Every structure is written in structure tokens, then in C-alpha cells.
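S.K.: Each chain, written out:
There are 2 protein chains.
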Amino acid sequence: MNQKINHLTEEINQLLATSIEESLLDTNLEESMRYSLNAGGKRIRPVLLLLTLDMLSNDYKLGFSSALGLEMIHTYSLIHDDLPAMDDDDYRRGKLTNHKVFGEWKAILAGDALLTKAFDVIINDTTLDDAIKVKLIRRLSFSSGHLGMVGGQTLDMQSEGSAIDLTTLEQIHNAKTGALLKFAVMAAVDIAEPETLVATALEQYSEHLGLMFQIKDDLLDIYGDEQKLGKAVGSDIENDKSTYVSLLGRSGAEDKLAYHTQAAHQCLAQLPDHYNTENLEAIIQLFNNRES
Amino acid sequence: MNQKINHLTEEINQLLATSIEESLLDTNLEESMRYSLNAGGKRIRPVLLLLTLDMLSNDYKLGFSSALGLEMIHTYSLIHDDLPAMDDDDYRRGKLTNHKVFGEWKAILAGDALLTKAFDVIINDTTLDDAIKVKLIRRLSFSSGHLGMVGGQTLDMQSEGSAIDLTTLEQIHNAKTGALLKFAVMAAVDIAEPETLVATALEQYSEHLGLMFQIKDDLLDIYGDEQKLGKAVGSDIENDKSTYVSLLGRSGAEDKLAYHTQAAHQCLAQLPDHYNTENLEAIIQLFNNRES
Numbered sequence: 005m006n007q008k009i010n011h012l013t014e015e016i017n018q019l020l021a022t023s024i025e026e027s028l029l030d031t032n033l034e035e036s037m038r039y040s041l042n043a044g045g046k047r048i049r050p051v052l053l054l055l056t057l058d059m060l061s062n063d064y065k066l067g068f069s070s071a072l073g074l075e076m077i078h079t080y081s082l083i084h085d086d087l088p089a090m091d092d093d094d095y096r097r098g099k100l101t102n103h104k105v106f107g108e109w110k111a112i113l114a115g116d117a118l119l120t121k122a123f124d125v126i127i128n129d130t131t132l133d134d135a136i137k138v139k140l141i142r143r144l145s146f147s148s149g150h151l152g153m154v155g156g157q158t159l160d161m162q163s164e165g166s167a168i169d170l171t172t173l174e175q176i177h178n179a180k181t182g183a184l185l186k187f188a189v190m191a192a193v194d195i196a197e198p199e200t201l202v203a204t205a206l207e208q209y210s211e212h213l214g215l216m217f218q219i220k221d222d223l224l225d226i227y228g229d230e231q232k233l234g235k236a237v238g239s240d241i242e243n244d245k246s247t248y249v250s251l252l253g254r255s256g257a258e259d260k261l262a263y264h265t266q267a268a269h270q271c272l273a274q275l276p277d278h279y280n281t282e283n284l285e286a287i288i289q290l291f292n293n294r295e296s
Numbered sequence: 005m006n007q008k009i010n011h012l013t014e015e016i017n018q019l020l021a022t023s024i025e026e027s028l029l030d031t032n033l034e035e036s037m038r039y040s041l042n043a044g045g046k047r048i049r050p051v052l053l054l055l056t057l058d059m060l061s062n063d064y065k066l067g068f069s070s071a072l073g074l075e076m077i078h079t080y081s082l083i084h085d086d087l088p089a090m091d092d093d094d095y096r097r098g099k100l101t102n103h104k105v106f107g108e109w110k111a112i113l114a115g116d117a118l119l120t121k122a123f124d125v126i127i128n129d130t131t132l133d134d135a136i137k138v139k140l141i142r143r144l145s146f147s148s149g150h151l152g153m154v155g156g157q158t159l160d161m162q163s164e165g166s167a168i169d170l171t172t173l174e175q176i177h178n179a180k181t182g183a184l185l186k187f188a189v190m191a192a193v194d195i196a197e198p199e200t201l202v203a204t205a206l207e208q209y210s211e212h213l214g215l216m217f218q219i220k221d222d223l224l225d226i227y228g229d230e231q232k233l234g235k236a237v238g239s240d241i242e243n244d245k246s247t248y249v250s251l252l253g254r255s256g257a258e259d260k261l262a263y264h265t266q267a268a269h270q271c272l273a274q275l276p277d278h279y280n281t282e283n284l285e286a287i288i289q290l291f292n293n294r295e296s
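Sequence lines, in order, name chains A and B. Per our numbering, numbering of the first sequence is gapless, rising by one per residue and ending at 296. Per our numbering, numbering of the second sequence is gapless, rising by one per residue and ending at 296.
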């Protein structure tokens, strides 16, 4: 991983660690929120946001609040997805899931509170103009709500155990995973306000990244290394889920991954020469080569 | 109920009925969101918001988006509170609860989506300036998150089955119920921007209303009429919950209700003469005399 990515990941981890202020109420709700927020994810989404902003402007720190809010949304979605009524997972990233540590009702509330806090952290950013905050909140509520992530999760849950076609599979992933990855890139666009051509190329770049992410996920779930993944492989087959591999076969899925990898590179090639695309190229490599 | 309140309730119901746009994804998530949103609540919070704004300005319609967002937050909290892992209620307002109709996982997601939509509806209001939207979102995220409603719900759940003192009881209700009632009044203040004296008096008014609401709730849960309430009485005793009645006795609770009723009136009496406080007085009566 390149040094810039390491550095940003570290910065995000530090900011997340102090992002949930203690309430005066005598509960451990905040401990539960922090447990999942600081459980050591890869921080792909906030890193992508900051790298994009770093390329577009001279102050990537203007993206901190959006990066934190985005990771809070991602984290709340994992807490709720892991619940007994949803995927019923006991472990995530090698650690007990939130409800296994804090109990089911508190995990529901910790998720609700993190979702709410995501909007709070952006709206209270003192470094951004009101007009930019409004654009960011508009984009975040759209990306993470019933027309975005939650809608995708619903279609995914509903499709378990039934055969779906490739169109439906892409609908699921564009909404469930793609919407937040697109937010990462486009939040940087909202803040830096580059010309339309740049915004369009970056939006397409984010869409290809989203599909790469999911195709790779499906490949790793069958052909990955359990030790590197930190979880058992084969869960999609066990849960009778349609995936890129089940619909296209291994080589079909690999071809599709290669296609979107190439297309993502082409999007960056369209950007004016004065943009240094090195780090966004590194993200493509990271998505393509990741083993966990 | 006065005519103005009836009229506003009707307007809110109509706006709520069309507030959730259909997704392109083939799920019934939106149906689940609408089911609870249109289940016929009393709309006390949005009505209070619009009445306050109507008194302060000549355009109460500027409060529509906040009123809708507020009711969405209230509705999501009910959906999640009713879940098996929380209060495990099968009925609400005489209708099956969301998870009894749509299943548990969809109820969780419908709640998540309504919470997210609350921010979406305010940020996309084309009648408000960005600066006002920022104030409203800041207030809503604070009021409904871990420092407000969700924190109060956590302390409430945690306190079930154990004896708590009056201080803790008020902490619970100030956060769980009071925060959203305060939002209702103070969102109108954010929009109309009256002088500080007015803002302060209205904030105190909303705090007394919040306590009135909860004391009345506790009294109705023991001495109310089951038919008018639309639910069984005695649930607090059954759940071994400390209430104003269990801590102060019936007459102690009634005295406290009378105290806050009087104090709420006094707050309105502090307002400059050109404000017509008639409808906000009516709200005090409504809170004091309600039978459901």
C-alpha cells in the first residue's frame, strides 16, 4: 500500500477514535458506538474521499468531516447487517459483532446513533461553507437511504435463496455498495467544485470501482484465503446467494473485473494533465489485488 | 381540539402520505416505511412546530420540511422500539406493528431509511436558505442522536426492572421524549429567528411541555381508559418501570403535572403582546387533558 494511503488511514483512525463525545447519561451507548467504529476496518471509503480531494484541491482536510460521516454510515450498516434478524453474524474482522458484546437492543440503538451522528459531524464542521454542507448532506442522505444503501440491502436480503439475473445483481450492488463508494468520490467533488468534465469522469471512475469491489468480493468468497480474509469462505454458497461467480463462472467474473479495472483507468486518463492521478490509480490496484 | 390544530394535522397527514418516493428497486421497503408513517399518529410534534412558527412569522409553511422530518424521526423510533429485541410490541395505535406485518429485518431497515429520509426532506427544502437548513439539521441530529432521543431510549431500556430516582427519571424523559418536543418548538425559532427573549421563553415552554407529556403518560398508563387509549393499561407496572406515579404517588404526579402546566402558561405570558399565544395555550390544554 502506498505511503499516502497509510498516512491517511492513520489520520482517519485517530479522528474516529475521538469522534463520539460522552453523553451525560449514565449508559455505555457511546462505548458500544466506539467499539464498532474503532474495530479496525480498512477505511477504504474515507481514504478514497480524502485521496480524491487531495488530487482536486490543496486542502484534503476539508474532507475530514465527510470522511468521518461516511465511515459512521458504513459502520452502522455493518452493525445492523450483523443482527440476528439480518445476517446473524457472530464475528466481524475477527472480533465479536456489536450485538454479541453489547446485546441486541443496544446494537440497534448504537447503529441508529451512529447513523444520526454522521449528519451531525458534517453539519458541525466549522471549515466548510453552508452551501457545501448542504450539498454533502443532500448527497449523503440520498446515497445511504432507501434510494441507495438501505434499498440495496433490502433487495439483497429479499433475493437470498432465489435465483436472480445479472441486472438485479448489479442493481443490488450499485445501491448497497456502490452508492457509498460514489459518495466518497463525489463528496470530494462537492467540496472542490472542479469543472464538469472532471466531475463526470470521477463519477464514472467511482462506478467502476464499486463494481470492481463487489466482483472481487464474490471471487474472494470462494477462492480467497481464509486466513487473510479473517473469515470463512463459501458463505455465499451456504446462503444460496447469486454472485458474479455463480452467474458468470470464475473466468467470466475475472474478465468482468478486468474490464472494470481497465475502464476505471480510462476515466482517470480523461482528466486534465495537471491532476496527479497517482493515488487514485493506486486505489484501482488496491481494489484489484486485495486479498481481504 | 381547536380548528387550527385540526387543519394542520390534516395538512401534515397529506404531506406525509406523499413524502416517500418510490425506488427503482423491486422491493416493498417504501410500503413498509409508509405503513408506519401513515398509521395515524396524533402528529403532536409537527403540529406544535407549525403552530409555533405560525405565531412567530407570517408563513408557517416554511416549517413543513422540519415537521415532516420530525415525524419521520418519531416514527422510526417507534418502529425500532417495538422490535422483539426492544419492547416486543405486536400492536401500536390498534394496528399491527411494522415487524409483525413486514418481518423483523425489514422493520429494522424501514426505520433506518426513515431516519435517513428525515435529513433528506429538510436538506431538499427549496424554500429555506442554506443557513437555516444548517441550523435545523444541526438541531435535529443533536436532538435525535446519542445525546438526545437515542440516549434517552438507552437509559430507559437499561433502567427497566431496577429502581431509579426522580433525577434519573427526568433525565430519561428529557432525552427520550423532551428532546423531540423541544426540537418542534425550537425549529420554528431557527426558521423565524425572533429576539433572544422570545427564544428563551419558548425553549422553557417546550421543556415544561415535555415533562407534562411524560407525567400524563404515566398517569394514563394506570388510570387511563383502555378504550380511549387503544391499548391495555398497567404496562409500566408489568414491565417493572419506575414512573412519576410509582415515585410520587397519584396525587404527587398530578401536582407535578399541574405545576408544569402553570409554568408553561407563564412562559407564554412572558412573550411580547403582539404575539397571539392562543394556539400554544391550546397545546398546553391538550397535553393536560388528553385521554390517549
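What the hints contain is simulated information worked out from the structure, not anything from laboratory work. A hint or two may mislead.
Heads up, the list lumps identical chains together, so a pair's fine if it works in one copy or across two of them.
As the list claims (entries may be wrong) - Think about it this way: if two alpha-carbon atoms lie no more than 27 Å apart in a straight line, the pair counts; the simulated BS3-like pairs of lysine-lysine are: (1) K235 <-> K65; (2) K99 <-> K235; (3) K245 <-> K235; (4) K65 <-> K245; (5) K139 <-> K245; (6) K104 <-> K245; (7) K245 <-> K232; (8) K260 <-> K139; (9) K232 <-> K104; (10) K8 <-> K245; (11) K139 <-> K65; (12) K104 <-> K139; (13) K260 <-> K99; (14) K65 <-> K260.
Note that the structure is predicted; figures quoted are calculated from it, not measured.
S.K.: Does each hint fit the structure? Answer for all of them.
M.R.: Taking the hints in turn, this is what the structure says about them:
no., hint, result
1, K235 <-> K65, "neither (34 Å within a copy, 53 Å between copies)"
2, K99 <-> K235, "within (10 Å within a copy, 42 Å between copies)"
3, K245 <-> K235, "within (17 Å within a copy, 42 Å between copies)"
4, K65 <-> K245, "neither (40 Å within a copy, 47 Å between copies)"
5, K139 <-> K245, "neither (36 Å within a copy, 44 Å between copies)"
6, K104 <-> K245, "both (25 Å within a copy, 26 Å between copies)"
7, K245 <-> K232, "within (22 Å within a copy, 48 Å between copies)"
8, K260 <-> K139, "neither (33 Å within a copy, 46 Å between copies)"
9, K232 <-> K104, "within (23 Å within a copy, 41 Å between copies)"
10, K8 <-> K245, "neither (36 Å within a copy, 54 Å between copies)"
11, K139 <-> K65, "both (17 Å within a copy, 23 Å between copies)"
12, K104 <-> K139, "neither (37 Å within a copy, 37 Å between copies)"
13, K260 <-> K99, "neither (32 Å within a copy, 48 Å between copies)"
14, K65 <-> K260, "neither (35 Å within a copy, 51 Å between copies)"
The structure fails to meet hints 1, 4, 5, 8, 10, 12, 13 and 14 from the earlier list, while all remaining hints are met.
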